[in-house]
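Let chain A serve as the given structure and place chain B on it in line with the hints.
Sequence order for the protein chains is A and B. According to the working numbering, the first sequence is numbered sequentially starting from 1. According to the working numbering, the second sequence is numbered sequentially starting from 338.
Hints were generated in silico from the structure; no laboratory data involved. Be aware that a few hints might be false.
[As the list claims (entries may be wrong)] Straight-line alpha carbon distances no greater than 27 Å define the calculated DSS-like cross-link-like pairs of lysine-lysine that follow: (1) A:K331 x A:K308; (2) B:K430 x A:K93; (3) A:K210 x B:K641.
[Claimed, not checked] Anything over 10 Å on all C-beta distances counts as not near chain B; from chain A, calculated: (4) T24; (5) T44; (6) K48; (7) S92; (8) G131; (9) N243; (10) P287; (11) K314.
[Said to hold, decoys possible] Label-pair restraints from in silico Cβ distances: (12) A:K314 x B:F520: 26 to 36 Å; (13) B:L441 x A:K41: 46 to 56 Å; (14) B:C413 x A:K314: 52 to 62 Å.
If you're wondering where the values come from, they're calculated on a predicted model, not measured in any experiment. Beta carbons: idealized from backbone N, C-alpha and C, even for Gly.
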Amino acid sequence: MTSRSLALAALATILLAPAAFAQTTNLSGAGGTFIFPLASKWFTEYNKLNPKIQINYQSIGSGGGIRQFSVEQTVDFGETDGPMSDQQLKDSKVQPVMHFPMALGGVVPVYNLPGLSLKFSGPTLASIFLGEIAMWYDAAIAKDNPGVKLPAEPITVVHRADGSGTTYTFVDFLSKVSPEFQKKVGVGTSVTWPVGLGGKGNEGVSGMVKQTPGSIGYVELIYALQTKIEYAPVKNASGEYLNASLDTVSAAAATAQIPADYRVSITNPPGKGAYPIATFTWILATPSMQDKAKKQALHDFLVWAVTKGQDYTKDLGYAPLPKSVAQMELKDIGKMK
Amino acid sequence: MDAPTIVTSELPLADLAQKLRPAAAVPPELAGAPTADDVEPPSAQETAPRALFEDKYHRSTGRFADRVFRLATGSCAAVVASLILVVVLYMVKGSVPAFRDHGLGAIISPVWDPTNQKYGALAFLFGTAYTSLIGMAIALPLAVLTAVALVEILPSGLAKVLSLAVELLAAIPSVLLGLWGIFELVPLVRRFEISIYKSPLGLRRLPIFSGAPLGVGFLAAGLLLAIMALPFILSVSREVLLQVPRAQREAAYALGATRWQAIRKFILPYSWKGIFGASLLGLARVLGETMAVTMVIGNTPQIKASLFASGYTLASVIANEFTEAPSDLAISALISLGLILLLLSVTLNAAARIMLFYLNRSAGAPQVAK
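Just chain A, with the same shape it has in the complex (with noise of 0.2 Å):
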């Protein structure tokens, strides 16, 4: 043996020895940054059970996990906080393409009247924010809010100035408890307000209603219990005012109708002690997947997010998601095998 060919065995040892030893597989995964906290927990515990799977997520934001995923195929499984479109579905390369919920998160609306607690029904808050409504004093708002005092005192709307699932969630809302908002916002990421000021995330828009007295704005209930501001509660469907929390988020999901492809509006759902603006978030994944080691690790994983992986959730501020709908899922994750 040449020098030159002991060399060329040398290296050939160097570059195949890692692939002789670890069999590891790695998934990779991008999508919303509502999940990322959980997401991350659930990734390392993940880890800690099963040293042999590794996952990696980028929370680049609901639209570029959807794109990453469906579109460029850059990634093994997308994340969203808004389901896709039939649009989406249609143009999307991967296909089939599955939704399956992971937690669910809700929208809270946060005010500045020091010394007043008030609640609000839809219509309300839908005549707020198209600024229809532009005092305190209003009619509207004193109806909801039998025997307070009101001010006198102009409102000023503050809303989310980046795309968002929270804005999301919030227009939905809105949109479906007051058909005016629906014909002149609409729903998406996104979108246009009539009136208001935009911040930048939840801590623009808390900072800002923070600082502006008389101003009202919607957070994610996590930053609310995160930084333990005061929030209103909501009328839900069956005429109750519910302040949010996990449980009443979860029960949104619980009485809401699921359908089978899981792509649901879980706002405003009808039923008893169910929060009326909350959300599911989804991770998108293909039964299609070509490798076959990294299909089982995917399901594997999926089917311990949707039942261990569900005792996490309340410590890190999500809602658990209803065991009906857990259940519901374990089925479906099945077709990934």
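Chain B only, in chain A's frame:
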């Protein structure tokens, strides 16, 4: 000194030339006073150390090293040039769908409505221009006067401490400035706006003071931009003023000029071009600033003359909407906004250069230096 940016790049060279001078074969007294005009880099290199390398050995290795050096510098320059090209090409290519769909409306329409796929840039263009104008109007006089104080008036110890503080200001990340903006600056601005609102003179009837006193808006954004541009304009202006030859100052005082006269008639005329370059640097910083502005401007795409109104800038809307852009057309529209921002800054830069060129030719400034 014929173009503003050269002023900045000349500084280290001038410095180097100063350091090389003692080693030169020419005695310092023959070299004359080191005015900015005769610190030409080639002369400093050619006069001095050549004798060292006259023998044959040094010449041949020198030639090889020269070639390598030329290749290295040349390829670095090529990489930088192609980087610019790649980015510009990406933006042009990316914005084609938006321009195809909207035509000229992509620029001149003030309507931005993602739900209905309408993407007009005018409100953002206005916001960028207006906030930059406010920022520069505040930062420029503040920076130039402070630079004069640092160089000409304050004792050098104090000046050094102050200069350091200014440089620290440049090191604050803009997110942090934005947060400070939300929690400290905006309430201050709101108090100011309320005082105008309630002013017995009826100031709120003036178009620039109209609207509700919310604190967030063009004024708050402009103030933050001023804070961000300030260290850039200030430190370059200071360097420029330091370049004014000693002889120039001494001559002024020898003629019996007061300090104000010396600064106004002898020192500022000598350095105004450099200061102009400094303000271009500041402007470049201000046009593209994203994060801090986003946090205090209110993010409302509207065109209003009032300082108190909320607005939106090109850079802000790109940062806000890119990650969750609802469609390919939306992404293309956002990229086209980037292209517009780039064009805006290139146009401003070119206009400034052309203006300098003509001023140079007609006035032959700096009059006092020559």
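query: Quick one, are B:K430 and A:K93 close enough, alpha carbons at most 27 Å?
result: holds, 23 Å
- prompt: Any Cβ of chain B at or closer than 10 Å to A:S92, or is the non-interface label fine?
  reply: holds, 14 Å
Distance restraint hint 26 to 36 Å, applied to the beta-carbon atoms of A:K314 and B:F520: holds, 31 Å
- request: Indicate whether the distance between the beta carbons of B:C413 and A:K314 respects the range 52 to 62 Å.
  value: Given about 55 Å between the Cβ atoms, the range holds.
query: Can we confirm that no CB of chain B comes within 10 Å of the CB of A:P287?
result: holds, 27 Å
field: No chain B beta carbon within 10 Å of A:T44's
entry: holds, 24 Å
Non-interface claim for A:K314 versus chain B (Cβ beyond 10 Å): holds, 27 Å
message: Would the hint linking A:K210 and B:K641 be met if the CA-CA limit is 27 Å?
response: holds, 25 Å
- prompt: Can we trust that A:T24 is non-interface, i.e. its beta-carbon lies farther than 10 Å from all of chain B?
  reply: About 30 Å separates A:T24 from the closest Cβ of chain B, which puts it past 10 Å; holds.
message: According to the definition I'm using, a residue is off the interface if its beta carbon is farther than 10 Å from all beta carbons of the partner; does A:N243 meet that for chain B?
response: Check passes; 27 Å lies beyond 10 Å.
- request: Measuring Cβ to Cβ, find out whether A:K48 lies farther than 10 Å from everything in chain B.
  value: Its Cβ never comes within 10 Å of chain B, the nearest being 30 Å, so this holds.
- prompt: Regarding the assertion that A:G131 does not contact chain B, is the least Cβ-Cβ distance greater than 10 Å?
  reply: holds, 12 Å
Hint check: no violations occur; every hint is consistent with the structure.
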